[in-house]
Structure formats: C-alpha cells, structure tokens
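Engineer: Going line by line, the protein sequences match chains V and Z.
So for the first sequence, the working numbering puts the first residue at 1; every next one is plus one.
So for the second sequence, the working numbering puts the first residue at 1; every next one is plus one.
Keep in mind that the hints were calculated from the coordinates and are not lab data.
There may be inaccurate statements among the hints.
Claimed, not checked - Ranges of calculated distance between the beta carbons of each label pair, as one might list FRET restraints:
| no. | chain 1 | residue 1 | chain 2 | residue 2 | range |
| --- | --- | --- | --- | --- | --- |
| 1 | V | Arg15 | Z | Lys425 | 45 to 53 Å |
| 2 | V | Leu5 | Z | Trp117 | 27 to 35 Å |
| 3 | Z | Tyr289 | V | Gly30 | 24 to 32 Å |
| 4 | V | Gly127 | Z | His229 | 46 to 54 Å |
This structure is a prediction, so every number in the text was calculated from the model and none was measured.
The beta carbon of each residue, even a glycine, is placed where N, CA and C say it ideally should be.
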Amino acid sequence: MANELLAGRRERDNRRLFTRLSVVAVAMFGFGFALVPFYDQICRALGINSLVERGEIAANSQVDRTRLVSIEFDANAHGMPWRFQPAVRHMEVHPGELVQVEYEVANVRGAPVTGQAVVSYGPALAGRYFRKLECFCFTQQTLAAGESRRMPVSFVVDASLPGDINTITLSYTFFEVAGLGGKS
Amino acid sequence: MSAVIDTHGHAHDHHGGYGGVMRWITTTNHKDIGTLYLWFSFIMFMVGGVMALAIRLELFSPGIQFFNPDLFNQFTTMHGLIMVFGAIMPAFVGFANWQIPMMIGAPDMAFARLNNWSFWLLPFAASLLVISFFTPGGAPGVGWTLYAPLTVQMGVGMDLTIFAVHLLGMSSILGSINIITTILNMRAPGMNLMRMPLFCWTWLITAYLLVAAMPVLAGAVTMSLTDRHFGTSFFNAAGGGDPVLYQHIFWFFGHPEVYIIALPAFGVVSQVIPAFSRKPLFGYASMVYATSAIAILSFIVWAHHMYTVGMPVQGQLFFMYATTLIAIPTGVKVFNWVATMWQGSLTFETPMLFAIGFLFLFTLGGFTGLVLSLVPIDIQLHDTYYVVAHFHYVMVAGALFAAFAGIYFWLPKWTGRMYDETLGKWHFWLTMIFFNITFFVQHFLGLAGMPRRIPDYPLMFESWNKVSSIGAFGFGLAQLLFLYVVLKAIRSGAKAPERPWEGADSLEWTHLPTPVPYHTFETPPVLK
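Looking at chain V on its own, in the form it has when it is part of the complex (with noise of 0.2 Å):
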C-alpha cells in the first residue's frame, strides 16, 4: 500500500517535472525566434550593424575638373526600317565622369527585324579613350513588329584623353542581321 502509494506521488512528480521542462523547451525554441527581433534593435541601437555608413559611399576621384569634352551623338539605320536617333544629339562631359545617355529606336516594319549596331569615333584616334561600360551594340537587338524601346550607353572618357581632341563624334549604324528577321 505505501508503495504504491509512493509510486503514485513519484509518476505525478514525474509528469509535473516533464511538463515544466517541456514548457523551457518550447520557450528556447521561441527564443530563438525572440533574438531576430533583438538584435535587429540593438544593432540599430547601437549603429554596428552596417560595415558602410551612409554618406561614407566612396566618391569618383578620377574625374578631371578642368576639362569639358563636347560629346556629339549620332545615329544611322543602314538600309533598314527603323527610326534610330539619339535621345540627346549634344553633351559636355568631364574626362573621367560616368555618363549615361540614351538612344530611341523603333521598328517600322510589320514584321520583326533583328539589327546590330557597329561604332564608329571622330577623329578615329578617340576610340581609345572612350571606355564603354554598358551599350546596345555588344549585342544584337531584335524588335518586334512596330516595337519601339529606349537603349541606353553607359561611357567614360578616359581622363588620359589628349589635350587637343575637344569633340568627340560617337556615332552608331544599325545594319540588318540577314536571315534572322522572323526568329530568335
């Protein structure tokens, strides 16, 4: 009788004890949620979260203050129906600046038509300085019937430029990809 008696009040513990730790466990699961919240308001709290401030964003060294190069944009489509012009014709940039222009083209035909576009500099000798980062001639293009689109260029003029090269013409022809015009 006093055994079983003490058997009882042992399983009771026991499932008391178990309910308890259980309850521990399941709020440690919760806590692990607790800590995204908690260091999300102590990073900012205490500003250490981020490597880079604001503002501390590294600014471009390289541009040549001193200098104005007039850019001159031009656009031709050999033998092809599309309208292509640029978005601005004329702009002065400093040597060493990031520039970003756009150029306008649309398809005339009912029918698609796949183009690419082959640069050429004036004077010639420009070419070199003039560092492309981003532009629509290093792929082909392909516009659907009637499509229009804006296609932009992304350029430095290196700031090694010689002094007596002022204008710089960049001009792009469109030629027509043969045999690809219904495709891709």
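The hints should help you fit chain Z onto chain V, whose structure is shown.
Structural biologist: This is chain Z only, laid out in the frame that chain V set:
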C-alpha cells in the same frame, strides 16, 4: 509489471513480451536502450569515419585526385554532422541510459516508453542524412554549421538535413528531460544530490544545457527552411535579412553544444580515474561547481566563433575575456583529476590508459582553445587547420577517448565478461599514436596558413598532409581492432570477477552482481 515475477529456467522471459528484433524495437528497458544507443553510435562512428578517410585520401596529395570539390564539401559537412549528432552524443546518452539508473539506485528511467521513442528517432534522422547524398545536388556541402546564405541555395539534400536536425533535436530534448527527471525524482532514499557519482552530475547539467540550447538550433534551421520555401527573409540578404544573424543564433546553440559533448566525457573520466587510483575523487564539490560554472559560462561566449564577422572591438573584448574565463573551472577539473592520481596506488588497465590519454590530449586541446580565444591570434588562425586540430583534440581525444574508457570500464559489468587486456592496450596505444600523427601536424599546417574545407592546397603543405593522411588511416584501422576486442569479449571473453575493479565504488559495483541482471533496484537499495 509482470516482469517482476521471477521464472527460472526460461532464458528470455525477463526480456519482456517479444523475442528477436521486436525485443529491441519495443524495449523500454534502460539497459537495452543504452545498448541500442551505443551500437547506433558505433555504426555512425564508422560511417562518419569513412567520410573522414575520404577527406584525408583527397588531401594526401595536392590537386584534385578522387572527388570533385562539391563532393568533398559534402563529405566535410556530413562527417561533422554525423560525428557530432550521430556518434558522440548518442554514445554518451547510451552511457547515461545504462549507468544513471544503476548509479542512483533507480529501477529504470523515469519515462521508459519515451526513452524508447527518443532512441528510435535517431535511425530515421541518420537515414535522412545518408539519403541526402543520393538526392539531386547531393548532400549539403555547406559545412556542419549550416551557415546562411549557402543553406538558402542548396538542393533537396538541405531540406532532408534540416528535418534530420529536427529529429535529432527532438530526440536529444526528450532524452534530456528523461535524464533530468530520473536524476531529480528517482534517486534511492539516502542518495542525496551531493552523494551522486560525478557522472550523474555532469549528465544532469548536460541535460539542462540540451534542453536550453537544442531548441535554439531547431529554431535556426526552421528559419533556414522558411527562407528556402516560404518566402521569409531571416537570413536572405536580398529580402532584408542578415546572414550574420544566423551565425549568432547558431553559435548560441553551438557553444553550449561543445560542453554538451565534453561534460559527459568529464563524467566518465571522473569515474575511471578514482577507480584505478584507488582513491576517492579529489575535490568532489569543486568538480560539481566547476561543471556548473562551465555550463553557465558556455551561454555567454558564443561570438568567439565569429571574431572575423566585423564585430565592434568592445564585443570582441567581452567575448575574449568571457572565453578565457572558462579556462578557470576547466583548470579546476584537470587539477582535480591529477590530484586524484597523486599518491594513489595506480594501475594502468585499458580504461585508465584512455582516461590518462584523455587528460593529456584534452588539456592540449584546451590550450589551443585558449590560443584561439585571443582575438588577435584568432583572426590569423580563423578557418585554418589550426582550428581543425584544436577541435579534434577536444572531440576525439576528449570525448571519444572518454567513451572508450567508459566502454572498457563498464563492459565487464554489463556483459559479465572481460575484454582481452593485451588487445585493449594495443587498441589504446595505436589510437593514441595515430591520433597524434593525424592531428598534431595539423597545428603546423594551420599556423602556416592552410585553410580548412578546401580539397586542394599549395605544394608547400604537401609533406604534413601526407603524414596526417597516413595517421588517419592508421587511426581508422585501429578502431576495427576495437570492434574486434568488444565482440571477442561479448562472445568468448573470460568470465568477469564479481568486482572487476576493486577501486570502483559506485552503486552498480557495490550493490549489484556481475553481470548485472536485466532488472535492477526494483526495491531501492539501502544506503548507509
């Protein structure tokens, strides 16, 4: 309980209702479950060991020889996960199951059926880990720490691993609740807490660590899972999450995990060393307090694993000081073990050899840990082979050596048969020598700057890598000898005497026959 009825003449009636395989699947006996845990951990030790050998095979020479880098990464990841969660942790849970009820005079664990379930979750978790190798994209190759953002990019294998971690975590938490309840509620009358063998104390504290730390890991991998499939952005920087946050949450689990592995090993060694020194453990109370201190400190040092993430210097200083502080309670333990041996009448049977091996090599691993705790040095050594050498000194020479010591120590009690002492000593010396050949040289590689988890290396690292690989294969073969020694003892070992070690004085030695019967202490022992 029908099993109380003693029916002589029927060999298997005391094994419950079933025979054969069903006995093991349905068993609720703490000794059976302890045996299951130990065999499971040995099998996982072999699986993880094969992966370790694959890693060392690839690193035998510079260049890519056998495995593509992707598979190599999968091996390093799975080797770590399987050894930590599949081999070392279950091994000590196995010891806990066998020993704790006998040491405190309890008839069984507090929740016997839950105990069965805790174990049988493990084979499923292990299968998920192994199956992940055969999924498209293979097993995750992200490292055992499962760092974001890589975890967000992996294939199906990552999901299997996450579910495996969930199962492993559930198993550990349930097992821990069981152990805490057993120790707190099931002690025999007169067995007050400060009379318990130290092994029970270290497990009590470890179980608390598990209940507190394991759910945090489950939370971390759950966040990875929802980031992968449910569009959350806990760690996904593209959605405003923070990969470093994962590291903070992971290591909040990860550092206590280190002590979850180490403390039960301390417990085993604290039983073995007094037995073969024929002296009581020196400074028992200070051992208990040191263990508690280590456990508490383990929760405030996690960021020492991440000194290089770009922490403010005040943070680095705090975590550096807190980490070096752990050397004090650990030092108390090491000196207590040495003081236990001081002027003892020592004999050097295999368990004692492994315990002394543990003492030497774990202390060495502790020292390199102290080196790594220092911010300026750690920034140099972060993610190098120095770190690999360090944690293998504490995991292998620490935890694994203690597990070997425990097996040799208690095998006669459990089976009633002695192991072959000569072969046991061979096993120890081969393990000791090849362990050091494998891992000591990795300190040199790390100091010279060889990064971990990379399948290729510059020519200048070749010679030490060759030495390390040779050592690894020797170490692996030596463990087959261990399997042979254990099997030989079980099948045809000489009959163990009633008190195999006369210096051992906890309840299982003094109050129970050898081999221990299937049911013990159904009536609590009388303690003087």
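Engineer: Confirm or reject the claim that Tyr289 (chain Z) and Gly30 (chain V) have a C-beta distance inside 24 to 32 Å.
Structural biologist: Holds: the Cβ-Cβ distance is about 31 Å, inside 24 to 32 Å.
Engineer: Measuring from beta carbon to beta carbon, are Leu5 (chain V) and Trp117 (chain Z) in 27 to 35 Å?
Structural biologist: Roughly 29 Å apart at Cβ, these two residues keep to the hinted range, so it holds.
Engineer: Falls inside 46 to 54 Å, the C-beta gap from Gly127 (chain V) to His229 (chain Z)?
Structural biologist: holds (51 Å)
Engineer: Honestly, do Arg15 (chain V) and Lys425 (chain Z) meet the 45 to 53 Å range at C-beta?
Structural biologist: holds (48 Å)
No hint from the list above goes unmet by this structure.
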